[in-house]
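*Asks:* Using the hints, position chains B and C against chain A.
Protein chains in written order, with this note's numbering: chain A, 1 to 267; chain B, 1001 to 1329; chain C, 2001 to 2748.
Hints may contain errors.
Unchecked claim - For the chain C half of the interface with chain B, some residues (derived, Cβ under 10 Å), not all of them:
#, residue
1, ARG2074
2, SER2179
3, SER2187
4, THR2197
5, GLU2235
6, GLU2246
7, LYS2276
8, ARG2305
9, ARG2307
10, GLU2315
11, VAL2319
12, GLN2572
13, ALA2593
14, GLY2709
15, GLY2719
16, MET2724
Keep in mind that the hints were calculated from the coordinates and are not lab data. Ideal Cβ positions, reconstructed from N, Cα and C, are used throughout, including at glycine.
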Amino acid sequence: MGNRRSNDTPLVDMRGIFKFFGRVQAIRGIDFHVDRQEIVGLLGDNGAGKSTLIKTLTGFHTPTRGQIYFEGRPVNIDSPFVARELGIETVYQDLALVPLMSIARNFWLGQEPTKRFGPFRLLDDEKMGEEARKALADVGITIRNPHEEVGTMSGGERQSIAIGRAVYFGKKLLILDEPTSALSVGETRKVLEYTRTAKARGMSVIFITHNIGQIHQIADRFTVISHGTKVGDFYKDEVDEEEVASMVMTGEVPERLRIIREEEMMV
Amino acid sequence: MRRARRIAPVILLVVGLLIATVGASSAQDDTDVFRMVSHGGVGNPFWIVVIKGMEDACTILDADCAWLADPVDNVDDMAGYWDDALAANPDGIGTTVPNPEVIRDAVGRAAEAGIPVIAFNTADPNAGTDQSLPILFYIGANEFLGGRSNGTRVLAEAAADGVTINRGVCPIQEVGHSGLEARCAGVRSVFEEAGIPLDGLTISNDVTESAGVLADYFTANADTNAAFFLGPNPSSAFNLYLQEAGRSPREVYATTHDTSSEIYQMIKDGYLLQAIDQQPYLQGFETIMWLYLNSRYALAPGGDILTGPGVIDGSNVDAIIELTAAGYR
Amino acid sequence: MQAYFENRDSNAQSGQLYTLMMGVLGLAYLAVTIMIFTGWIALGDRANISRRDINFNEWAVAIGAGLLGIGALRTAWGLAQREKASWAWLQWMAFVSLLVGFAVAMSAILGTTQSDTLNLERVIIGFAGFGISAIVYRFAVQGSSYTPDQRLRIQLAESPSAGAIIGLVVILMGFSMASDLFLETTSIASILSNNATKGIIAIGITTLMISGEFDLSVGSVLGVTSMAYMIFMGEGFQGIGPLSFEQQPTVIAAILALICACIMGLINGILLVSTKIPSFIVTLGTLFAYRAIALVFIGGGRILRYRDYFPPPAEFPQVQISRWAIAALAITGAVFILVTAAQAIPQYWRRIKKSWASIKDREIGSVLALGVTIWSIMSVAALAIVFAWLSLVAYYHLDRVHLGATLGKGDFWLAVVLGLAGAAVIAGINLFPTWRKTKPGEAYSIPTGVTIAILWIVVFSLIIKVYNLKLSLSSPDESLPILVIITSLAFVHLALATFRQYRLARQQVVAAGEKVDSIPMSAYLRERGLLNIGISVILGLLIAFLFATAYDLFGNVDSPLRIGFFDVANGQWRFTGEQVTRGLIHLNIPDQANLRNAIAWWVILAAVFQVILFRTRYGNSVFAVGGNRGAARAQGINVNRVKVQNFVLCSFLTGLAGIMEVARNPGVDPLKGDAWELDVIAMTVIGGTLLTGGYGSIIGTMLGVLIFGMLSTGLVLVGMDSRMFQGVIGVIMIIAVVLNNTVKRSRN
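With the rest of the complex left out, here is chain A:
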């Protein structure tokens, strides 16, 4: 566990994860954990293995070796449905919402409220619109008209709605995959704000990015990955931005940190 500061069972604990694609060894024995109500920045250069690691957590890949524990229980996440059942919500950059559908319909997708009509169950459009508007307002997102098509909205607004949806449905872990890469500065700030809201409401967040500057302010901890192995876990107060950036680039832990680590081990 190294330098964990919390003594609770972690929300997610991935131990000794290996993932091979044929002869390509994408991940070689990574330990990765997320505590409750923690924002973890998962950092690494392109091709470092961030996505592969996260996809083993969300059920798109099954690990070649290694075990995942969720809330202390060993789990076998072999499909996205299992991950969803566990309470893991992933917001992908392009895959979050259906552009040709309305905000309300997107918000409720897969768990739409219905009303009875004789023996049939029909969608309750009014309730869908009203509740979606309220729920998003609770998270701090104001929308003009819940029946507006998502396709007409900006990238930031879309990300916000996806995050709001995850928060509303009481998920335990929110995974944001490069959420800000296509956003303007203002929009990015908003997304970061909603991420904080999510944490305040008791969720944990994994924030995947290769842009350290954006998340340094909100993350509690950074996990840096390079060439399929973990470089290290660092709490925000241990490192500054430049050190993290250099770790992402080189995959080497700077001298100063190495010394601190060794001292901790001695204690």
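*Replies:* Coordinates of chains B and C only, in the frame set by chain A:
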């Protein structure tokens, strides 16, 4: 695993060679090999009778015969089927010629190889000109004469009833098919002599769809009182239209080509005056017989052999129904 | 104008002018209605119809003018009251009058080609109306954020089928000008009957296309299903072991054939999701494979004819239904109604008591409350009576409208009472959409509505009895005055109830701090008003029909009801000549008009699938899967299952179409349905459904089917070479798609 991968192509090769040898050896022995290429096949009941004629002839001669055609009527695919026919190195080939250009090249190759070719069912429209294909002769109906027979019958019956034919229609279900166009041309020649206009109309082989087109046509041209159909499905469409519009026999003087149980019924009910039968069984049977005679003994008739027009009307329809049940009509 | 509503006197003049104009307009419209009923204005073909009757054209115009007149008077009243909402009303009235004036003038000018003299009066009246309305409209829309025509344009742009709507109007106008025959009943019947079955397949294709897939094999599935149905009926099936069976009764044969269709759809779907090959390739493959089944394995390429299996003395297949079963159904319905009504009486009684108490206390407005209650009672009852009357007309004519079953006439009054009761329930249900309790903002609960209706039936019967008014089937002409009153009352009530709901909904929205414009009136009307009216009419007819039938059945309990299966599936609607010249509404349906039952099935299935697609979870997942596969998957939707289900649905609908085709022409050849897939896909694409998925509508596809049908019939009618048809359809399809895209882009 890796061993199996290496062995697999070898096995495939051996199997392929075996098949090729078996094929070659069957071709080398004494039986005659005949191929018949057509623009239509098992999808159309008409051809089933032709195929039966072919099969019966081949059973008698103990020959190796095959019917090469698209199940759905398709003229353009004939070039490919001709290639298949030539690949079998046959003793003779029968072919329909709905469009000479599609098969011109292949027929040329057959002529070079000395394979006799007979046209059946649909004649070479250029026969007798310098554009004609190298084909021995034609076994089948004369479509133009069939059309003329229909046209004449309609005018005669109308005259007997004291009715004037104002206008006729000749709905065609496969546009560009030379045989069908010849049938219409036959009718047209009769109508032109009598000075009566004849409309063309494109329908399809789909019965309900065509019934709709006919209904629209008769709405737009209420004075039309003669109709000339060119096959079983168009006749069925006409029958459906008559029922739906509630029209009675002899309001429209109509005839058709070819046969089906529904056509017999329509003749009995008086909705059709007559059907021109090209006796398709003969087309299959005689083509094989003449290919055999020509390839073995270089025999040939003095000209084309006409299997039609044979007329089916109220006088002989009952006898025909029995023969149809047996598969000969 | 703003000042006028704020009651500042400076601008009162213009307000009063508008009030006056609306008043005059309203009276003018009402005058037209009255003049039609008195015979001063004659419309349409009057040759075969006696002067006292009103034909269909006149009905349409009279009702339209009546509604407009009431609307205009209401606007005038609102303006006089300085009611702010009447501002929008004014705009709408002016806009509609502008269109009406133009239409009147144009119809007079275009009509001249048929009759010799130009109807100068009508041209002048039309253009005068057009001009004045245009001026009013011009000034009335000043300063408003959305004008009616802008709103229409926005509505059009939001519709997936904008291109199809425009295309439909253009083609309709073009052909009806080019050929006098185009709008004849025979031609319309031909357009509908010949494309209804394709329309049913197109519903399936639309659903499938919205989910991002595609089915080329429908033509072959149609072929196999119709062949299988026929052979199961005629000779049974020779399979292996338990798969063989003897010839089957028609319903079983149909079910077996449908199962075959579903299996073919299942194969399509499973192939798609397991191999991940694009659906274009998969279904291209199965197109050939299924056609081979039809060609070779079923019947060996013969034409299968019902008459060959069962020669003429035998009847077409009949289905027997015990009369007890239908009677039981009717009794269940009656019990249900009585129980509901009994539950509601106390509630209703409280309402009256409350109104009465407040009247005694001299509360201002309480008289009005009682008045409104009584008014609603009357209106609901009026609606109920209209339904009952319509159903009884249908019932009376049953022995002349051959729809398989031939029923005798029953006792008049008992049928009236039963029919009224059934229809009243339906009217009640649909006017008042809550089932148990009234929510704030809704008029009354259904039980209240039912009680109201039943009470009013009694009252109305008494009135009829006392004044000896005639509501008689044997002389429909004499019942005209009553029916006119009833109809207008009913529609006014429906309109008022709908607007009341709309106002309440708007108030809620305003309370929630939204801009009022976010709920367009037209959208609201479309959702509530039209739906209410539509459902009421359809269900009312059905239930009243059931009651009337039930009564008849008690007289003939012993013999089972025999219904021709082919008649139900796709029978021809036969009208005898006698009926055409009598009755209230003269639908001049000639004998050769080929109206078939598949049209009814098409409309019903389209309605069902419209609801499924837009109002159910399943429909929502279909859109999501087509719109963004990944997002749907991430939200826990089983993408593969949705796709397979859609393929099965599509094949099932195709199977239904196949059985209907057999019912129309009981003789199938193995090439049945060849190349239909292309027609059907063209219809769907014309209707605005995106080939890439995620967007589309059933309504659009229905328009596409109509466009397709109008083209195929229209080209033959104008005498154009029908070989042109394919080319024209191709061009139209491309234009429609381009139009759809242009409209969509202009929206964003």
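*Asks:* Evaluate each hint against the coordinates.
*Replies:* Checked hints:
The beta carbon of ARG2074/C is not positioned within 10 Å of any beta carbon in chain B (closest approach about 45 Å), and the interface hint is therefore violated. Evaluation of the SER2179/C hint against chain B yields a held restraint, the C-beta minimum of about 7 Å falling below 10 Å. Because the smallest distance between the Cβ of SER2187/C and any Cβ of chain B comes to about 6 Å, under 10 Å, the interface hint for this residue holds. Taking 10 Å as the C-beta cut-off, the interface hint given for THR2197/C holds, the closest approach to chain B being about 8 Å.
At a threshold of 10 Å, the smallest CB-CB gap from GLU2235/C to chain B is about 15 Å, leaving the interface hint violated. With a cut of 10 Å, the hint placing GLU2246/C at the interface with chain B is violated, because the nearest CB-to-CB distance is about 22 Å. Hint on LYS2276/C is violated. Least Cβ distance to chain B is approximately 24 Å, over the 10 Å limit. Because the beta carbon of ARG2305/C sits about 6 Å from the nearest beta carbon in chain B, less than 10 Å, this interface hint is met.
About 7 Å separates the beta-carbon of ARG2307/C from the nearest beta-carbon of chain B, less than 10 Å, and the hint is met. The interface hint given for GLU2315/C is violated, since its Cβ lies 15 Å from the closest Cβ of chain B, which is over the 10 Å cut-off. At about 21 Å, the closest approach between the beta carbon of VAL2319/C and any beta carbon in chain B exceeds 10 Å, and the interface hint on this residue is violated. Interface hint status for GLN2572/C: upheld, as the beta-carbon distance to the closest one in chain B is roughly 6 Å, under 10 Å.
The criterion of a C-beta within 10 Å of any C-beta in chain B is met by ALA2593/C, whose closest approach is roughly 9 Å, and the hint holds. This hint holds: GLY2709/C has a C-beta 9 Å from the nearest C-beta of chain B, less than the 10 Å allowed. About 6 Å separates the beta-carbon of GLY2719/C from the nearest beta-carbon of chain B, less than 10 Å, and the hint is met. Satisfaction of the interface hint for MET2724/C is found here, the shortest Cβ-Cβ separation to chain B being roughly 9 Å, below the 10 Å cut-off.
Of the numbered hints listed earlier, those contradicted by the structure are 1, 5, 6, 7, 10, 11.
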